[in-house]
Every structure is written in C-alpha cells, then in structure tokens.
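Chemist: Each chain, written out:
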Amino acid sequence: MRMIVCIKQVPDTADVKIDPRTNTLVREGVRSVVNPFDLYAVEEALRLRERIGGQVTALTMGPPQADQALRDVLAMGVDDAVLLSDRAFAGSDTWATSYTLALAIRKLGGADILLFGKQAADGDTAQVGPGVATQLDLPQITYVRRVVSVDQAANAPGGALVAERLLDNGHETIRTSLPCVLTVVKEINEPRFQSLTGLRRARKAVIRRWGAKELEADPKRIGLDGSPTRVVRIFPPKLRSGGVMLQGSPDAMVAELVGKLKDLVGKAS
Amino acid sequence: MKQLTISEKLCTSCGACVSACPFGALRMESVAVVDCNLCTLCGACVDACPVSAITRPESAAAVPVTDVIWRDVWVFAEVEDGHIHPVVLELLGEGRRLADQLGERLVAVLPGHETQRLVAPLVVGGADHVLVVDRPELACFQDEPYTAVLTELIRRHHPAIVLCGATTVGRSLIPRVAILANAGLTADCTALAIDPKTRRLLQTRPAFGGNIYATIECPVSRPQMATVRPKVMKPLAADPARKGEVRLDQVADALLAARAVRIGYTAEVSNTANIAEADIIVAGGRGLLKAENFRLLEDLARELGAAVGASRAAVDAGWMPYSHQIGQTGKTVCPRLYIACGISGQIQHLAGMSSSDVIVAINKDATAPIFKTATYGIVGDVVALLPKLTEAFRAAKQRA
Ligand SMILES: Cc1cc2nc3c(=O)[nH]c(=O)nc-3n(C[C@H](O)[C@H](O)[C@H](O)COP(=O)(O)OP(=O)(O)OC[C@H]3O[C@@H](n4cnc5c(N)ncnc54)[C@H](O)[C@@H]3O)c2cc1C
Ligand SMILES: Nc1ncnc2c1ncn2[C@@H]1O[C@H](COP(=O)(O)O)[C@@H](O)[C@H]1O
Chain P
1 MRMIVCIKQV
11 PDTADVKIDP
21 RTNTLVREGV
31 RSVVNPFDLY
41 AVEEALRLRE
51 RIGGQVTALT
61 MGPPQADQAL
71 RDVLAMGVDD
81 AVLLSDRAFA
91 GSDTWATSYT
101 LALAIRKLGG
111 ADILLFGKQA
121 ADGDTAQVGP
131 GVATQLDLPQ
141 ITYVRRVVSV
151 DQAANAPGGA
161 LVAERLLDNG
171 HETIRTSLPC
181 VLTVVKEINE
191 PRFQSLTGLR
201 RARKAVIRRW
211 GAKELEADPK
221 RIGLDGSPTR
231 VVRIFPPKLR
241 SGGVMLQGSP
251 DAMVAELVGK
261 LKDLVGKAS
Chain C
1 MKQLTISEKL
11 CTSCGACVSA
21 CPFGALRMES
31 VAVVDCNLCT
41 LCGACVDACP
51 VSAITRPESA
61 AAVPVTDVIW
71 RDVWVFAEVE
81 DGHIHPVVLE
91 LLGEGRRLAD
101 QLGERLVAVL
111 PGHETQRLVA
121 PLVVGGADHV
131 LVVDRPELAC
141 FQDEPYTAVL
151 TELIRRHHPA
161 IVLCGATTVG
171 RSLIPRVAIL
181 ANAGLTADCT
191 ALAIDPKTRR
201 LLQTRPAFGG
211 NIYATIECPV
221 SRPQMATVRP
231 KVMKPLAADP
241 ARKGEVRLDQ
251 VADALLAARA
261 VRIGYTAEVS
271 NTANIAEADI
281 IVAGGRGLLK
291 AENFRLLEDL
301 ARELGAAVGA
311 SRAAVDAGWM
321 PYSHQIGQTG
331 KTVCPRLYIA
341 CGISGQIQHL
351 AGMSSSDVIV
361 AINKDATAPI
371 FKTATYGIVG
381 DVVALLPKLT
391 EAFRAAKQRA
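These protein sequences, in sequence, are chains P and C. Here the first sequence is numbered in this note's numbering, starting from 1 and rising by one per residue. Here the second sequence is numbered in this note's numbering, starting from 1 and rising by one per residue.
I should point out that these hints are in silico values taken from the structure, not numbers from a laboratory. Heads up, a few of these hints could be off.
[As the list claims (entries may be wrong)] Below, computed lysine-lysine pairings styled on DSBU-like, alpha-carbon distance capped at 30 angstroms:
1) C/Lys388 / P/Lys238
2) C/Lys9 / P/Lys260
3) C/Lys388 / P/Lys260
4) C/Lys331 / P/Lys238
5) P/Lys220 / C/Lys364
6) C/Lys364 / C/Lys388
7) C/Lys372 / P/Lys262
[Stated by the list, open to error] Pulled from the structure, derived: some chain P residues nowhere near chain C, Cβ distances all over 12 angstroms:
8) Gln55
9) Ala120
10) Arg221
11) Gln247
Keep in mind the model is a prediction, meaning the values are calculated, not measured. We put the beta carbon where it would ideally sit given N, CA and C, even for glycine.
This is chain P alone, in the form it adopts within the complex (with noise of 0.2 angstroms):
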C-alpha cells in the first residue's frame, strides 16, 4: 500500500502573541511546527501501513526552512520525503497549491491512499485536501473520524477503503474506491512521539527537494499567476468593547446577568 501525507508548516500558534499596541501578530519567536491537523494525517498513515503493509512518504510545499517539518515526521517514522520548495510558487492561493501538489504526486507515481489535515492552522481553508483530489480526479472522504476498513482485493483492482466521516449533525459512513483522498480530523487518533531512532534517521535522511522546473509545471498555474484570489487588505478584528464585571453576591450577579441578557434569551427560544 503507497500512501502520501501533506504536511504544512505553520507558525505555532501556542506561541502567537497580540501586540495591544498596534493589534497585530507579534511575529519574533513564533517557532513554525508542523500543522497540528496533519499529525492526525501522518499517524493514520502510519497505524495503516501498521496494519496492512506498505511505504508513507511526506509532502510539503514551503520556503526552504519547512524541510525542518518534513524532519518531524520522518522522526515519527514516515519512510521518506519530499520538499517542494521554488520562489515560483510563492503568492500559491489553494487553487495553486491544490495543483503543484497534484503534480508532485503524479511525480512520485501516485498512491493508494492520500491524506491529509482537516485544514491548516494559519489559512483555515480546508480546500487543498479536495482540491488535490480533484485536480487527480480522485474520490475523497473528508473530516474522517475512523478508518473502519481497507480491502485491497475488494472489487479490484484498486481495492477499497471504509470510513467515517463526521458531519454536523452525526456521521456517515462512506465506502470509496482506492486510490482516494482522505482529510482527518482531530478524533481519529492520538499522533504518537518522536522515537530516538526516529530523531537519528531523519538527522541523517536526504529529503528529495523540487522545484517548478522538476515537476514540469505550468507557470501559468503556480505562484501568484496561478492563483484566481487575491488578498487585498488585511486588518485586526474589531477589539471586544471593554467588558463589565459583574459585583457584588453571588445571587445580586445572576439576577444582574439574568435582566441583562432576557431580552436576548427570549428572542431565542
């Protein structure tokens, strides 16, 4: 079974401060980490190859220092990885993203299974996972919660993959042909830690790094000219009008908060 993880290297946000000042990102000493959503995607990709066999390799696109997030989850034990890391591809929106992706996957010759983060920390999109998968003309399940079952003989020849999907209201469960996308959500696992061994291997690992040229891609999809959205303006959230703290017993509190908020709660229900 091949599978492919994409993995996205973001700023942490554990660490992402507001300056009161001028109510902006304080940027300096942010680390990046790999996107917490794409731990799940690795781990699932692992425990699969666990359970039926098979080779996981790691895909980002991203300025040349996100080798270090392909580095993190060669250490959680991913076979290999790929960097895909060109100016070319700066200004990428999902559009473009979702296509030099697609490339690098037909590049590595596809896979049986392709997963992904239920989306990224910094843009939220959720788009790229479908957006592969439908640049590859793939099926796909998304916000998949478990991975009931893989059957590469059922129906042949690619076999196929039961999962469920978690919805707003519920679950479904869905039985895709392979190969397919998948993009995970939170609930699926418990990404395990980095081993020692781990740490040594991907120390020492070559990471395969390509660019626009390698991947034969058409310039007019990639980058800033292959993206049909543009940001025009970016700006603070409006601050939350100063609170008010209610006094005095516990019981004067609620019947305060209970008269402030009646007209609101009765509109409600």
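For this one, chain P is given, so just place chain C with the ligands on it according to the hints.
Modeler: Leaving out everything else, chain C with the ligands in the frame of chain P:
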C-alpha cells in the same frame, strides 16, 4: 522572479510594514528589507506603508478572459435531513442584497430528489429563481455527483457569484467545484460586499484563528466563489407574497457516477449537538472539575434552548465528545450568546468563539484571560453558580 520591491528612496524606515506583516517577513535595517522565503506577497505591507514605498508584482491574468457574460448570484441550497439548511436562508438574505446592488437575479440551486416542497421556502426566503436538478442519485449528498452537477450548471449558466454555507458539506463540495470551474474560492467568509467601482465581490474572512482578517477578491476568474460561516448573515423576513420561477435542468447520466458512496448514516440524537447552528451555547471547561457537573450545564442549556459546547481540556478529559469541542482544533461557532463556564480563554479556544455577539464568562480566577473577551464577567465558583443561574432564568420566564 516575483517579489516585493521596496524603494530605498521613498522608505522612511518608519516600521509600519514590519508590524503589518502577518508572516514576519519584513525587518528594518537602514530601510525595510524583505525575506523572500517568508513573504507570501499578500500585500498587507503595501497598504500599511504611509509613503507608498512598497510595490507588489502584478500578476498576469490567471485564467483567460472569455466573452461570456457572467451574471447572477447563486446560492447552493444545502438540504439536511430533508430540510433546507438554515444557512441557506441566511445566504439568500445576503445574496438578495448583493444581487440588488448588482441589478442581477438571485438564484437558489437545488440538486436533489423529490424536492418540490423545498422550492417554496427558497422563494419565500428571497430567490428570484430556483434551479432544480432532480435525480434519484442526488437523494443524499455525495461529493462526486454533486460536484459534477454543480460544475455543469456553472458551465451552462455562467453565474458571477456562487455562495455556499461553510458547513461540512459545503467545505467538501465547493473546493472540488472551484478546481473544475477554474475559479477562485474564499473559505469561511464572515462579510461580503460589492466593490461599487469594479463590481467585484469583496470577501472578508478570519485567518490565523481569528487573529487577523483578510479581504480577498477574484480580479479575473469567474464565478467568484465563497463559503460563508453559518449564523453571521441575516435571513430576510419570510414574505409569502414573494414570487419566483422554477427551472428544471436535465443532466447526463455520466455526471451522476460516484466512487465514494454513503453506506450508513447516524444522526446524533442529543438535542444539544449541533453547536454550529445554535443561537445560544453554554460551554464548559476544566473548571467544571468532573464529568457529572456537565449535567448542571445541560440543565441550563435545556432551560435556554441552548447547545452544549466544551473546551479541549474538557473533551480530552472525556467529559464531552469531540463533536462538541469549540476552538482551533474543534468547531468555530458564532451564536448570539456564548456562556463560558470554567474556561480560561486560551487563544486556541478564543479562535472558535470570539465572534459570538455576547459572551458571558464565569470563572473563579479574576485574572483568567477569558474576561478580556467577555461582555459580562462573573468571578465565582461555577459549580455553585450554575444551578442558581438555571433557576433564575426559569423564574424570569415564568414571570414574563
Ligand atoms: C495546537 C493546539 C490546538 C488547540 N485547540 C483547542 C481547541 O480547539 N479548543 C480548546 O478549547 N482548546 C484548544 N487547545 C488547548 C488550549 O490551549 C487550552 O489548553 C484549553 O482551551 C484549556 O481549556 P480550559 O479553559 O477548559 O482549561 P484550563 O485552561 O485549565 O482552565 C480552567 C479554568 O477554570 C477555572 N476554574 C477552575 N475551577 C473553577 C470553579 N470551581 N469555578 C469557576 N472556575 C473554575 C480556572 O480558573 C481556569 O481559568 C489547543 C491547544 C493547542 C496547542
Ligand atoms: N503547502 C502545503 N504543502 C503540503 N500540504 C499542504 C499545504 N497546504 C495545505 N496542505 C494540506 O492541506 C490541508 C488543508 O490545508 P488548507 O486548505 O490550507 O486549510 C493541510 O492540513 C495539509 O494536509
């Protein structure tokens, strides 16, 4: 190679760009210097620079402009458990405003099976047209046939704008359609507007867990596509006198094939489940101390007709299922009232709820960060306060 250019002549080294950059890509030496490896060409610094010293490379048209005229505002009519999803009515309310401003029609797009009875609420909700595709294969949502049908309809009718709820369904379907339609897509918008000069759709959305907002447009590609967060747009007052036309489109069988098929479905039974749609949410954190105390929260929720949410700490402790988790790794909610009980208010939790209209925080620690975000704060023991609160709301209702 595409990169920012900073004019050494114009730069006054004021530093405005350095603090405006969301990616930490700028630093100040004798003039501003950009680190190309970090810069994403987002343009935040271009706006921030008071002396216009920074320019961003112009992009070549991503998609060839054709002579087709793209017009009308479309809303994807998501159906959930046999009903029009509430977010659809919110989008029709917002779409009505956009369509009127453009002088174009508002169209609800309804793929499904035996959906006749769903047409009226769409018209009453504001749609001029309802575009129906009726096939048994579309009886429940499945990614592939819905993608193929919606893409085909876009190719046939050329809408200028396509809106969809940022629900699980919307966020699975629309990214597929956007790839096939060669269209720009903005996820999870919280505000929409039309630029009066260019008639482009201005799409505003939070990023970095709500720490910054970005306004995005699609200069060239059409349609302009967006998913919109539930609960932020206002539905129109239902007007039974409103008239609309229905159009039934046929599609080729080939479009209805699915490799990923639904073989089972379980609705979550609890009425406190769907926090994404709730008007009121009462949420509990580690401060509730044990699973049993969530009962107190559920009592209050029942009294208020509210949904129950939880912090990650409460979910990790096994007190609530993951589907109730609010925050960066859980759901994003924006109810009219959010009552945070024993939640400290870490940035990852705030990411999921800080755009709620009114926030109440109950915490025994007066220095808890949640109080900075709260509209009303109560310092006290939540376990003792919750029953009092439930009782007080009950009494108030009886008096009313
Ligand atoms: C990558 C990442 C993603 C994350 N995603 C999320 C997410 O999606 N959602 C989320 O919620 N968190 C998330 N977190 C965790 C987040 O940082 C916090 O750890 C979490 O929100 C804390 O939950 P809490 O407020 O319930 O617990 P605590 O921080 O332990 O706070 C408990 C609060 O209860 C108060 N308290 C205690 N006893 C009482 C009492 N008797 N009466 C009144 N008050 C009392 C305390 O004063 C304290 O303020 C994430 C973290 C990381 C690193
Ligand atoms: N630059 C990237 N390189 C590799 N994978 C990515 C990249 N961007 C996004 N992804 C993957 O797509 C998922 C969704 O990201 P997004 O659509 O940006 O929210 C992430 O969880 C990753 O698995």
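Chemist: Next, verify each hint and record whether it holds.
Modeler: How the hints compare with the structure:
1. Of the pairs offered as hints, the one joining C/Lys388 and P/Lys238 is violated, with about 33 angstroms between alpha carbons and a cut-off of 30 angstroms exceeded.
2. At roughly 57 angstroms between alpha-carbon atoms, C/Lys9 and P/Lys260 are farther apart than 30 angstroms, so this suggested pair is violated.
3. For the hint linking C/Lys388 to P/Lys260, the alpha-carbon distance of about 16 angstroms falls within 30 angstroms, and the restraint holds.
4. A hinted pair counts as satisfied when its Cα atoms are at most 30 angstroms apart, and C/Lys331 with P/Lys238 qualifies at roughly 21 angstroms.
5. Taking the CA atoms of P/Lys220 and C/Lys364, the gap is near 57 angstroms; set against the 30 angstroms cutoff, the hint is violated.
6. The suggested pairing of C/Lys364 with C/Lys388 holds, with an alpha-carbon distance near 16 angstroms, which does not exceed 30 angstroms.
7. For the hint pairing C/Lys372 with P/Lys262, the CA-to-CA distance comes to about 23 angstroms; that is within 30 angstroms, so the pair holds.
8. Look at P/Gln55: its CB is around 23 angstroms from the nearest CB on chain C, clear of 12 angstroms, so calling it non-interface holds up.
9. Once the 12 angstroms rule is applied to beta carbons, P/Ala120 is inconsistent with being away from chain C; the minimum gap is 10 angstroms.
10. With a least CB separation of 8 angstroms from chain C, P/Arg221 falls inside the 12 angstroms interface cut-off, contrary to its annotation.
11. With a minimum CB-CB distance of about 9 angstroms to chain C, P/Gln247 fails to clear the 12 angstroms threshold, and the non-interface call is violated.
The structure does not agree with the numbered hints 1, 2, 5, 9, 10 and 11 stated previously, though it agrees with the rest.
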